Amino acid sequence: MSGDITFSGLGSGTDLGSVVEKLVEIERAQSYRLEAWKSTWEAKIESIQGLNSRLLSLELFVNDFKSASQFLATTASSSSQTVLSVSSTSTAKPGSHSIIVGSSIPHMLASQGWADQNTMGIGDDGGDFVISVGDKGTITIDSGDFDAATTLQGLRDLINSDVENTGDVAVTASILDDGSDTNPYRLVITADNGGEDYEISITANPTDLTYAANWINPVVNSGGWSGTSQATSSGYYLGSDNKTYTFTAPTVTLDGANAATQVTWTKTGGGSGSIVIPDNYVAGTNIFVDGLVDG
Numbered sequence: 335m336s337g338d339i340t341f342s343g344l345g346s347g348t349d350l351g352s353v354v355e356k357l358v359e360i361e362r363a364q365s366y367r368l369e370a371w372k373s374t375w376e377a378k379i380e381s382i383q384g385l386n387s388r389l390l391s392l393e394l395f396v397n398d399f400k401s402a403s404q405f406l407a408t409t410a411s412s413s414s415q416t417v418l419s420v421s422s423t424s425t426a427k428p429g430s431h432s433i434i435v436g437s438s439i440p441h442m443l444a445s446q447g448w449a450d451q452n453t454m455g456i457g458d459d460g461g462d463f464v465i466s467v468g469d470k471g472t473i474t475i476d477s478g479d480f481d482a483a484t485t486l487q488g489l490r491d492l493i494n495s496d497v498e499n500t501g502d503v504a505v506t507a508s509i510l511d512d513g514s515d516t517n518p519y520r521l522v523i524t525a526d527n528g529g530e531d532y533e534i535s536i537t538a539n540p541t542d543l544t545y546a547a548n549w550i551n552p553v554v555n556s557g558g559w560s561g562t563s564q565a566t567s568s569g570y571y572l573g574s575d576n577k578t579y580t581f582t583a584p585t586v587t588l589d590g591a592n593a594a595t596q597v598t599w600t601k602t603g604g605g606s607g608s609i610v611i612p613d614n615y616v617a618g619t620n621i622f623v624d625g626l627v628d629g
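Converting from the sequence shown to the numbering used here requires adding 334 to each position, the first position being numbered 1.
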């Protein structure tokens, strides 16, 4: 059989079926509340699980940056990887650089670092400041046009405005901030024409600026070196502070047990000196020599 079954009160006209339905509905109210509560918490659990997944991803990400060098890592990119590839370290200073690649590149000559570009005088021992551009000619800044108080900016402007600075002899003087903590400013002279026929040289220089070819010295890197100097990624020493180098001395015979002895050294191109091995020296221990890089 199928269909609704109703019970009516005898002689009272009461619909007992409706009464029972209402009573059942009242009892189900608690069930409805529990189902709503369950639905709410299921949504919360889903959100917490999503948060947990994100926290796990964050943990995996930060695990790659557990050291200062990793956390402060920098990136570098080249506009043409087929021509020039670049890399960066955590100590690299932010900035952009232009590198010209080709067979006819303008020659660039830079001075040593200078402490201030607009207040510190460049010095003057007397005489003209002369720039030679290959065999094309010279630019002469007359001694009467500058003195010991002339600044780096002042000499730059004198070079750029000189009447001889034209045509095949043309150069452009600028000031470069190399980012060093001390003496960061360099007077840079760049040939306007490219190729080795326009190579720049300073043939007369009464100032305290130095343009010697070996002023920016190649770096001698050694594992475990210490010091305050900075080396560029291209392998050149740009700082003016001390740097510690290690080297191997020739075999020497100590003058008696635990006595100090002297070892002399020379450098390629001239120059010599000596170091003293102390009386408490342990054979096989590295000897560190700390001193300024000379020109």
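For the record, the hints were derived by calculation from the structure and aren't laboratory data. This one's a predicted model, so the numbers in the text were calculated from it and none came from an experiment. The beta-carbon is built from N, C-alpha and C at its ideal position, and this holds for glycine as well. Some hints here could point you the wrong way.
To be verified - Just the calculated beta-carbon pair ranges, DEER-fashion: (1) Val358 with Leu392: 16 to 22 Å; (2) Leu392 with Ser365: 52 to 58 Å; (3) Phe399 with Glu376: 33 to 39 Å; (4) Ser401 with Gly436: 50 to 56 Å; (5) Asn397 with Ser422: 17 to 23 Å; (6) Glu359 with Gln383: 20 to 26 Å; (7) Ala449 with Thr408: 44 to 50 Å; (8) Leu510 with Asp398: 48 to 54 Å; (9) Ala538 with Ile439: 43 to 49 Å; (10) Ser401 with Thr516: 40 to 46 Å; (11) Leu510 with Ser387: 47 to 53 Å; (12) Asn397 with Glu359: 31 to 37 Å; (13) Thr408 with Ala370: 25 to 31 Å.
Here is what the structure says about each hint:
| no. | hint | result |
| --- | --- | --- |
| 1 | Val358 with Leu392: 16 to 22 Å | 51 Å, violated |
| 2 | Leu392 with Ser365: 52 to 58 Å | 41 Å, violated |
| 3 | Phe399 with Glu376: 33 to 39 Å | 36 Å, holds |
| 4 | Ser401 with Gly436: 50 to 56 Å | 40 Å, violated |
| 5 | Asn397 with Ser422: 17 to 23 Å | 22 Å, holds |
| 6 | Glu359 with Gln383: 20 to 26 Å | 35 Å, violated |
| 7 | Ala449 with Thr408: 44 to 50 Å | 27 Å, violated |
| 8 | Leu510 with Asp398: 48 to 54 Å | 35 Å, violated |
| 9 | Ala538 with Ile439: 43 to 49 Å | 26 Å, violated |
| 10 | Ser401 with Thr516: 40 to 46 Å | 28 Å, violated |
| 11 | Leu510 with Ser387: 47 to 53 Å | 50 Å, holds |
| 12 | Asn397 with Glu359: 31 to 37 Å | 56 Å, violated |
| 13 | Thr408 with Ala370: 25 to 31 Å | 54 Å, violated |
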